[in-house]
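Participant: The task is simple: from the sequences and hints, build the whole structure.
The listed protein sequences correspond, in order, to chains A and B. With my numbering as the guide, the letters of the first sequence map in order to residues 1 to 370. With my numbering as the guide, the letters of the second sequence map in order to residues 1 to 370.
Check before you lean on any hint, since a few could be wrong.
Facing chain B, a subset of chain A residues (Cβ under 7 Å, in silico) [as the list claims (entries may be wrong)]:
id, residue
1, 244
2, 247
3, 249
4, 251
5, 270
6, 282
7, 302
Heads up, simulated EDC-like pairs for lysine to aspartate or glutamate below, C-alpha to C-alpha not over 20 Å straight-line [unchecked claim]:
id, chain 1, residue 1, chain 2, residue 2
8, B, 292, A, 243
9, B, 54, B, 66
10, B, 120, B, 362
11, B, 292, A, 153
No lab work stands behind these hints, which were simulated from the structure alone. A quick note: this is a predicted structure, and the numbers were derived from the prediction, not measured. Where a beta carbon is used, it is the ideal one built from N, C-alpha and C, also for glycine.
2 protein chains.
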Amino acid sequence: MYCNSLSVIKKKMAEQPIKFGILGCASIARKVSRAIILSQNSTLYAVGSRSLEKAAKFAMENGFPESAKVYDSYDAVLDDPDVDAVYVPLPTSLHVKWAVLAAQKKKHLILEKPVALNVKELDLILEACESSGVQFMDSTMWMHHPRTASMKEFLSNSELFGDLKSVNSSFTFAAKQDFLENDIRVKPDLDALGALGDAGWYCIRSILWASDFELPKTVLALRGPVFNKVGVIISCGASLHWEDGKVATFHCSFLDNLTTDVTVVGTNGTLHLRDFVIPFEEKKASFSVATKSGFTDLLTGWKPKPSEHHVTTDLPQEALMVREFSRLVGSIKFDGSKPEIKWPTLSRKTQQVLDAVKLSIERGFEAVEV
Amino acid sequence: MYCNSLSVIKKKMAEQPIKFGILGCASIARKVSRAIILSQNSTLYAVGSRSLEKAAKFAMENGFPESAKVYDSYDAVLDDPDVDAVYVPLPTSLHVKWAVLAAQKKKHLILEKPVALNVKELDLILEACESSGVQFMDSTMWMHHPRTASMKEFLSNSELFGDLKSVNSSFTFAAKQDFLENDIRVKPDLDALGALGDAGWYCIRSILWASDFELPKTVLALRGPVFNKVGVIISCGASLHWEDGKVATFHCSFLDNLTTDVTVVGTNGTLHLRDFVIPFEEKKASFSVATKSGFTDLLTGWKPKPSEHHVTTDLPQEALMVREFSRLVGSIKFDGSKPEIKWPTLSRKTQQVLDAVKLSIERGFEAVEV
Chain A
1 MYCNSLSVIK
11 KKMAEQPIKF
21 GILGCASIAR
31 KVSRAIILSQ
41 NSTLYAVGSR
51 SLEKAAKFAM
61 ENGFPESAKV
71 YDSYDAVLDD
81 PDVDAVYVPL
91 PTSLHVKWAV
101 LAAQKKKHLI
111 LEKPVALNVK
121 ELDLILEACE
131 SSGVQFMDST
141 MWMHHPRTAS
151 MKEFLSNSEL
161 FGDLKSVNSS
171 FTFAAKQDFL
181 ENDIRVKPDL
191 DALGALGDAG
201 WYCIRSILWA
211 SDFELPKTVL
221 ALRGPVFNKV
231 GVIISCGASL
241 HWEDGKVATF
251 HCSFLDNLTT
261 DVTVVGTNGT
271 LHLRDFVIPF
281 EEKKASFSVA
291 TKSGFTDLLT
301 GWKPKPSEHH
311 VTTDLPQEAL
321 MVREFSRLVG
331 SIKFDGSKPE
341 IKWPTLSRKT
351 QQVLDAVKLS
361 IERGFEAVEV
Chain B
1 MYCNSLSVIK
11 KKMAEQPIKF
21 GILGCASIAR
31 KVSRAIILSQ
41 NSTLYAVGSR
51 SLEKAAKFAM
61 ENGFPESAKV
71 YDSYDAVLDD
81 PDVDAVYVPL
91 PTSLHVKWAV
101 LAAQKKKHLI
111 LEKPVALNVK
121 ELDLILEACE
131 SSGVQFMDST
141 MWMHHPRTAS
151 MKEFLSNSEL
161 FGDLKSVNSS
171 FTFAAKQDFL
181 ENDIRVKPDL
191 DALGALGDAG
201 WYCIRSILWA
211 SDFELPKTVL
221 ALRGPVFNKV
231 GVIISCGASL
241 HWEDGKVATF
251 HCSFLDNLTT
261 DVTVVGTNGT
271 LHLRDFVIPF
281 EEKKASFSVA
291 TKSGFTDLLT
301 GWKPKPSEHH
311 VTTDLPQEAL
321 MVREFSRLVG
331 SIKFDGSKPE
341 IKWPTLSRKT
351 QQVLDAVKLS
361 IERGFEAVEV
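Facilitator: Set out below in structure tokens:
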């Protein structure tokens, strides 16, 4: 019986939370460590770094329990048979090596975005996950906020929103000089996708999310991308076009003030939010919707006006991400379920569009078919 | 003495408000008639229509005084020596004929947007205005809202906003079937610029406004414009590019829910508003700004968050437009001032970009130099 089985899984998971190993001590791993603690169905079990001291310091500073394992290599984490899952926040160029190895060692996998340098590399990772039967999920946290589900409900309502017509998304932040010189995201050998892979990933994901993950037919990079001295993109944009006339644009940059906007316009409705990547506050997030908006008779105001909607959450989006991931891993581990194909599928589509934007830039802003 | 002279002008204008004639009984003329009444320095003096009954009905319904003149032709309004200024809300294809004639008859001129079918036509109008020494102003009302000045103050502040990096603007509305079939804005012989001339005009103006009216170097129409059966644009977009790397995008349409957004991002700050064309309310308008935005240390929220600013106004933006126009006309009439060149200059730049977008569409989305 399903209910019975679920309760059994829940019981098992309460007793045996999913044991996480973390590869490396990236700054973002601090946030995910906290999320693992908060998730209630997973636990911080191991961390590996090329420096044992660094790993130990990370474990101490990030709430790892006394019993946690501290390793002086990533391999050692993957070789620990008690590690159920790994979180991999390594530079993108290392993803294919370590994610494939993790999958081969039967570790379920949360992989930081951008998941790979290109779809070809990603496919190696996804094939390894599939053949090992492990769950894959990228670390796009906002997907897991309850606000995202609320907004999707609005977008799915044919009366309130209608048919999707356009999306505009932007994620920019003003990186400090030190970042622009030294961060892995500006290094061609570490994160060759630069701002497109980092901030653009979110923009592309938000556009695909709004379009129910229907891939655009054509992608065109906007002119004027900015490259740093070693050829890494630090600012760019693109337009995406679907056969039915839907259009989307995005802009991502390391050079502009922090801005994380999504605007989705349909035949009947409009959705706005300005903090789609990370909500302004942890426990409450908002979005604005408008339906069948119009001007007053004499065009002196609006009727109706847009309205604000608030969504509260006990857990931050990153903890909800870990919880959903661990729930899936638990189902596989304790109940023989198959991995949820949704998550690798969304990652792959995002990477496909990202690759197309990059190719369009390389080809002098030509239209690229996806 | 300046103060003395100003007080004399003010006195004269209080006694002798600028006398407006209106050409035609377009729906938008109702709003402008009310604005003329509200402006306090102008008066509804005459209206002309091809039908005397229609003109009389319009005058009665829109607050014209008993003494107002009602004419059965546009010519008669222009031939009335007491008419100081005319408001011309005729279909765009009639602008060049009637605006030039009005200027030749020494009538100061508020011309509805789009001001012309192309820059060549506009130049005929502007030359006529210049040679007659009459004031020209297009009817882009939001330019005159005090909010616009407040926002400009923010954008001009190098500490709060920094250097402009990107603008996104959209003006869409879901036209009803009757509009899509019968409105002058979908007729090739009346308003051949369709949604680009109507809604796109505002988007282009907002982008130019944000960039201190520095023309972009290159304009590219986005793919996927929608045309109606008779070849008029009912949805389109474009990207605009400046040599220093600034980029702007806009989307305008008759097919999407009413959306009027402007987002301006600089190196230090971000400006958002969602009701740039017509504020949600008549007496109070808002905008949101953010400066040196960042995420909290653990990336779990924002610090600082954007803030909302409110601007109140006694008079609606269209009345402030008429008041500014009439003030300029009064200075010319009573004080021998020259026409203010700013307004025709802004109109011309807007039309230049509009022409470039249209040309880019016609050339299959090629880059067009402005």
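Participant: The structure should be examined with respect to each hint, and the outcome stated for every one.
Facilitator: Hint check:
Look at residue 244 (chain A): its Cβ only gets to about 10 Å from chain B, farther than 7 Å, so that hint breaks. Evaluation of the residue 247 (chain A) hint against chain B yields a held restraint, the C-beta minimum of about 5 Å falling below 7 Å. Annotation: residue 249 (chain A) was flagged as interfacial toward chain B, and the flag holds, the nearest CB pair being 5 Å apart, inside 7 Å. Annotation: residue 251 (chain A) was flagged as interfacial toward chain B, and the flag holds, the nearest CB pair being 5 Å apart, inside 7 Å.
Checking residue 270 (chain A) against chain B: minimum C-beta separation of about 5 Å stays under 7 Å; hint holds. Below 7 Å, beta-carbon pairs count as interface contacts, and residue 282 (chain A) has one with chain B at about 5 Å; its hint therefore holds. This hint holds: residue 302 (chain A) has a C-beta 5 Å from the nearest C-beta of chain B, less than the 7 Å allowed. Restraint check for residue 292 (chain B) and residue 243 (chain A): the C-alpha separation of about 39 Å exceeds 20 Å, so the hint is violated.
Under the criterion of a C-alpha separation no larger than 20 Å, the hint pairing residue 54 (chain B) with residue 66 (chain B) is consistent with the structure, at around 16 Å. With a C-alpha separation of about 17 Å, the suggested pair residue 120 (chain B) and residue 362 (chain B) falls inside the 20 Å cut-off, and the hint holds. Pair hint residue 292 (chain B) plus residue 153 (chain A) does not hold up; C-alpha atoms about 33 Å apart against a cutoff of 20 Å.
The structure does not agree with the numbered hints 1, 8 and 11 stated previously, though it agrees with the rest.
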